[in-house]
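Undergrad: Sequence:
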Amino acid sequence: MIFRFPSSSSRDQGNASILLMTGLTLALVALSVLFVRIGNANDMRSNAQTAADAAALAGAQAIRDASAEIMADSGFLHFAMVSEGMVETRASQYAERNGAVLQDVRLSSGLGTAVRVEVTGPGCQRSLEEGGEREWGDTECQGNEEEDDIPTIGSNAAAVARVIMPDCEPVWNQVLNRFVSYCNGIPIFQASTAYPFFEVELVDEEEPYAYSALANLGSHVMPGSPMGNCTAPDPYNVTGQVTAQMCATHNVIVSNFDFPHGVGCFRHGPPEHGIGQACDYMISNYTTPTQEQLAYGDQVALSIMHSAAGLGIKYIIWRQRIWNHENLEPPTQSVDQWRLMEDRGSVTQNHYDHIHVSVVR
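Going by the numbering used here, the letters in the sequence shown line up with residues 1 to 361, in that order.
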């Protein structure tokens, strides 16, 4: 009988195959661990984005809810009468419901009708170290990372949502002696009736500028500086004498309210009119206003007051009363609660036919 033994070359091929299979197995294990880490990271990012979307939508809904209540109560759709604190509270609640923490929130656009939020997501993953002291599969955070100086990977996300305001019209109601807002012919007496006329949606990017003290104007604006492309009226035919801030404030006001009796801004002499930091918004034509005109003026004045920070308001005078934002006087829902001024003897001097608006610069 003749025994045949494998040749040395066959043994070498077998060993090489075993080594190759072992190497492939180890590589597959390493890849699977890597994919686990990548998958965990993707899950964290996805969860964080979900939380950010929910927080942004909740913040925008807070604006919608408050605007609808104001519309039902006053008959007007005021701009920016929603506090940032109210929006932050609602956004924070929905971030927490999704396991995230709200880091930042701000109202955007000229009217404060968009919300941008940033959140830190619910995920936490330990980072790898160059020395290899920690296994690749050791990913879960255990709560002691900060104390033990263990680097971690978190998940942050941002989202922007906006409120599309309805096109509704305030109509004077003789029976109720106040304005009532009509949306598509439907009178709004309750906030819930107004909700369907608002739209809340996520958007890809933030509005052009944040609703914060008109910061986009810059610190270079000085009294009497040219008003550029501003459409603020100049009844005295003196051009270039309205400050950029007064111009921006004016444009927001007239985009939300109509003044058929006109608006006057710059005129020579003190105080703020002479340096381009004030405008007068006529409610009646230099005559004693009607009850309807008084109610309209009240809504204009209250809306400007509630938007004082964003509009850069210094003070407002209306119906022989003054409200001074610069002196940190709190907002009120009634012009009657503003400080009473002395009797100057006429409808115009007592500011019954117009609203005087002064800005801080």
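If you are wondering where the hints come from, they were derived from the structure by calculation, not from laboratory data.
Careful, some of the hints might be misleading.
[Stated by the list, open to error] Pair by pair, the computed Cβ-Cβ distance ranges are:
#1 85 to 184: 26 to 34 Å
#2 255 to 99: 50 to 58 Å
#3 261 to 204: 38 to 46 Å
#4 182 to 291: 39 to 47 Å
#5 85 to 285: 22 to 30 Å
#6 285 to 340: 24 to 32 Å
#7 258 to 341: 20 to 28 Å
#8 332 to 261: 19 to 27 Å
#9 341 to 205: 27 to 35 Å
#10 189 to 340: 29 to 37 Å
#11 291 to 192: 24 to 32 Å
#12 336 to 164: 31 to 39 Å
Since the structure is predicted, the reported quantities are computational estimates derived from the model, not experimental observations.
Heads up, the beta-carbon is just placed ideally off N, CA and C, and yes, glycines get one too.
Undergrad: Run every hint past the structure and note whether it holds.
TA: Checked hints:
1. 85 to 184: 26 to 34 Å: holds, 32 Å
2. 255 to 99: 50 to 58 Å: violated, 40 Å
3. 261 to 204: 38 to 46 Å: holds, 42 Å
4. 182 to 291: 39 to 47 Å: Roughly 19 Å apart at Cβ, these two residues miss the hinted range, so it is violated.
5. 85 to 285: 22 to 30 Å: violated, 40 Å
6. 285 to 340: 24 to 32 Å: holds, 25 Å
7. 258 to 341: 20 to 28 Å: The hint (20 to 28 Å, Cβ to Cβ) holds, given that residue 258 and residue 341 are roughly 26 Å apart.
8. 332 to 261: 19 to 27 Å: About 26 Å separates the Cβ atoms of residue 332 and residue 261, which means 19 to 27 Å holds.
9. 341 to 205: 27 to 35 Å: violated, 46 Å
10. 189 to 340: 29 to 37 Å: About 32 Å separates the Cβ atoms of residue 189 and residue 340, which means 29 to 37 Å holds.
11. 291 to 192: 24 to 32 Å: holds, 29 Å
12. 336 to 164: 31 to 39 Å: holds, 34 Å
Consistency note: the structure conflicts with the earlier hints numbered 2, 4, 5, 9.
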